[in-house]
Amino acid sequence: MTTLINPVISLLKLFHSVKDENLHWKKANQDQQAKLKHARVLAEKALETELKKKSVQLAHEITLLRTKNDAELSMFKTKCKQDIKDYKQYLASLDQLKRSIQASYTHLPEAVAFTIHHHAKHLLNQMWEAENFEQKMQHEMQLIKFMTTVHEDTRLHLEGETNEKLPERTLNLIQQK
Amino acid sequence: MIIRIALLLMFAAFAVFLSADLLLWLAVPGLPGLMTRLGLAVLLSAFALLLITGLIVIIKLIIAANFDYFSARQRLQRRLWFIQAKQDQLNRLHYFRTLQINYFNELKRKRLLSANNRRHIHSLSKAIDKDLHSIKQQLSKTTYLQLQRENIRYRDQQDIEALLKLQQKIATIV
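Quick mapping for you: the protein sequence lines, in order, are chains C and A.
For what it's worth, the working numbering labels the leading residue of the first sequence as 1, then goes sequentially.
For what it's worth, the working numbering labels the leading residue of the second sequence as 1, then goes sequentially.
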């Protein structure tokens, strides 16, 4: 019986010694633990304050962003409307160009007038669909040059400075393309 | 502490089972059955205690998780994420609205262009028809009708190239 009791007692002693050790450790490090707890609470509070500040800042940024986006959209809409208006005006002026060339060259076949008008529209579309400013400018110059040539031909024919039955310079310009 | 008690109960149950075995070996009547039932009850109570402890631990963990979820830090963090998501959403919305405006603008421009094209193709077709009518006497009836049909078809198809070729063809006949 004593052989059984002895190991049990030694086991109990070991258990108690471990507990004692644990208690000693807790007592020795009580201050540090309290400090740690305090530091953790402080850090938590600091984080909360930081998060609160950040969320207020972001909410403010959202209000600004919304205003900015609305203003940009409204400007973009106005620009698009103006673009459409300009395009309409360009089409009207090209129609006018066709009418004036027909009025000047009275026997000009409709097919030739149509070709000139169609080419001018092609140049206008190239200008409109250009992807960058440089290309746009280049196409605009081409269109202006073409329209000037048509007007020049019309003027020369009206003033009787040329006996050509067709606007040759304009047709040459189309053939060059 | 509870686990310790449960373990002690289990050891006690095994001790009771051993004593029941011993009593059975000694052939004591009645007592082994009673001891076995006692051992079983002790063992079951040990298991029940373990189970209850486990349940209590789980409930405690759930409550702690809930407290953590609704803590000020977590709430603020979620609010921050919500605001950030809102900002991203606004940016995306702006981008897509711009695309939409651009798309409708382009559509409007294309409509203007096609209306203009239609008008001029119509006048070209009319001129072709007039030319055709002026040379009607020089053409056989079938040729005249065929050319007229071609003119109408090309006009309806908005085929500029074909209309111009037709006009040239008529001009060569003249």
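Think of the hints as simulated: they come from the structure by calculation, not from any bench.
Model, not experiment: these values are computed from the prediction.
Please note: incorrect hints may appear among the correct ones.
Result set (DSBU-like, lysine-lysine): computed pairs, CA atoms no more than 30 angstroms apart in a straight line [claimed, not checked]:
| hint | chain 1 | residue 1 | chain 2 | residue 2 |
| --- | --- | --- | --- | --- |
| 1 | A | K86 | C | K53 |
| 2 | A | K110 | C | K19 |
| 3 | C | K19 | C | K35 |
| 4 | A | K86 | C | K121 |
| 5 | C | K79 | A | K86 |
| 6 | C | K35 | C | K85 |
| 7 | A | K110 | C | K88 |
| 8 | C | K68 | C | K136 |
| 9 | C | K68 | A | K86 |
| 10 | C | K79 | C | K68 |
| 11 | C | K77 | A | K60 |
| 12 | A | K110 | C | K81 |
| 13 | A | K108 | C | K79 |
| 14 | C | K85 | A | K108 |
Structure-based check of all given hints:
| no. | hint | result |
| --- | --- | --- |
| 1 | A:K86 <-> C:K53 | 17 angstroms, holds |
| 2 | A:K110 <-> C:K19 | 88 angstroms, violated |
| 3 | C:K19 <-> C:K35 | 24 angstroms, holds |
| 4 | A:K86 <-> C:K121 | 45 angstroms, violated |
| 5 | C:K79 <-> A:K86 | 28 angstroms, holds |
| 6 | C:K35 <-> C:K85 | 74 angstroms, violated |
| 7 | A:K110 <-> C:K88 | 11 angstroms, holds |
| 8 | C:K68 <-> C:K136 | 28 angstroms, holds |
| 9 | C:K68 <-> A:K86 | 15 angstroms, holds |
| 10 | C:K79 <-> C:K68 | 16 angstroms, holds |
| 11 | C:K77 <-> A:K60 | 59 angstroms, violated |
| 12 | A:K110 <-> C:K81 | 14 angstroms, holds |
| 13 | A:K108 <-> C:K79 | 14 angstroms, holds |
| 14 | C:K85 <-> A:K108 | 11 angstroms, holds |
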